[in-house]
Amino acid sequence: MKNILEIKTIADYFKLRNYEVLHPLVGIVDFKKVNQSGYTNKSYDGFHYSCYAIFLKDAVGCKLKYGGNSYDYDEGTLVFMAPNQTIELGGYEPGFVPKGYALLFHPDLLLGTSLANKIHEFNFFAYSSNEALHLSAKERKLILSLLEKIQFELEQSIDKHSKKLIVTNIELFLDYCLRFYDRQFITREVVNKGALEKFDHLLSQYFSSDKPKINGLPSVAYFADELHLSSNYFGDLVKKETGKSAQEYIQAKLIDVAKEKVFDPNKSVSEIAYELGFKYPQHFSRLFKQKVGHSPKEFRATLN
52 MKNILEIKTI ADYFKLRNYE VLHPLVGIVD FKKVNQSGYT NKSYDGFHYS
102 CYAIFLKDAV GCKLKYGGNS YDYDEGTLVF MAPNQTIELG GYEPGFVPKG
152 YALLFHPDLL LGTSLANKIH EFNFFAYSSN EALHLSAKER KLILSLLEKI
202 QFELEQSIDK HSKKLIVTNI ELFLDYCLRF YDRQFITREV VNKGALEKFD
252 HLLSQYFSSD KPKINGLPSV AYFADELHLS SNYFGDLVKK ETGKSAQEYI
302 QAKLIDVAKE KVFDPNKSVS EIAYELGFKY PQHFSRLFKQ KVGHSPKEFR
352 ATLN
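One rule links them: number in the working numbering = place in the sequence shown (from 1) + 51.
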């Protein structure tokens, strides 16, 4: 059985790194200041986090596993962990010395703040490790400046301004990461279009097979898994490339297929609904009318 260390508090992680805790709910680790002896964490196979964790990796040779996949971090990458996620350690190359920073903050830090209401908007906390954010030199410099501002506040005596200033800078940090991810989607347009073409092909295959009858309507998670992407990353990729959510894209394809099937007078509406994966024909008729403006029977009549 794998030995997974529970990181329930900021102190849990800082104790592991033999690092001083300056605030019970938030902290930054500068790996240059960590005692590197025995860093390989031989007694642990991975960590399970109950807090938010962001890692800026500045050293090659660090192997992590997430969702069953291994990933070698390149220099200058950011990876994000949300509470209740687990990272497995995949080993380290000989002579590996960690470089970079870790920013950890507990969900309780956000209580009563504007960030608490928008933290769910940062989908990259649910991306897989192989979907890390790769920073340019200028982007990395900006990220470091924000970490420096947060660290400055942590080193001051806690007063009534501390929480607001720390959380505001974390929110700004995340807003910039959102922008940088948008840039990464653009610069990887060729790769993204390839994934989208494969998604379209998989959709066509799904509806031309018996899978709808057996498994029901296709889900976003199903296609994300087929493309070896996290659901959130896949959803964001589809949205940025098509302007539609992945669910809307699937529904549009479903309606196109449904129109072709409705054209066949030998099939009842119920038969078509079951062939497409609907449990109840009325749900199919409702969606069809919502998207087409006519019920399946009315649409069939317009074709004759």
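Mixed in with the good hints, there may be bad ones.
Claimed, not checked - Cross-link-like lysine to aspartate or glutamate pairs, in silico, DMTMM-like; alpha carbons within 20 Å at most:
no.: 1; residue 1: Lys192; residue 2: Asp159
no.: 2; residue 1: Lys211; residue 2: Asp226
no.: 3; residue 1: Lys262; residue 2: Glu277
no.: 4; residue 1: Lys215; residue 2: Asp233
no.: 5; residue 1: Lys310; residue 2: Asp233
no.: 6; residue 1: Lys348; residue 2: Glu326
no.: 7; residue 1: Lys150; residue 2: Asp210
no.: 8; residue 1: Lys59; residue 2: Glu199
no.: 9; residue 1: Lys291; residue 2: Glu206
no.: 10; residue 1: Lys83; residue 2: Asp96
no.: 11; residue 1: Lys312; residue 2: Glu322
no.: 12; residue 1: Lys310; residue 2: Glu277
no.: 13; residue 1: Lys249; residue 2: Glu199
no.: 14; residue 1: Lys348; residue 2: Glu299
no.: 15; residue 1: Lys200; residue 2: Glu322
no.: 16; residue 1: Lys290; residue 2: Asp233
no.: 17; residue 1: Lys53; residue 2: Asp96
no.: 18; residue 1: Lys310; residue 2: Glu292
no.: 19; residue 1: Lys169; residue 2: Asp233
Unchecked claim - For each label pair, taking beta carbons as the anchor points, the in silico distance ranges come out as:
no.: 20; residue 1: Ser187; residue 2: Ile209; range: 20 to 26 Å
no.: 21; residue 1: Gly344; residue 2: Tyr273; range: 25 to 31 Å
no.: 22; residue 1: Ile306; residue 2: Asn69; range: 17 to 23 Å
no.: 23; residue 1: Arg234; residue 2: Glu199; range: 40 to 46 Å
no.: 24; residue 1: Glu277; residue 2: Glu311; range: 20 to 26 Å
no.: 25; residue 1: Lys84; residue 2: Lys215; range: 23 to 29 Å
Just so you know, the hints here were simulated from the structure itself, not pulled from any lab data.
Where a beta carbon is used, it is the ideal one built from N, C-alpha and C, also for glycine.
Violated constraints from the hint list, given by number and in increasing order: 1, 2, 4, 5, 7, 8, 9, 10, 12, 13, 14, 15, 18, 20, 22, 23
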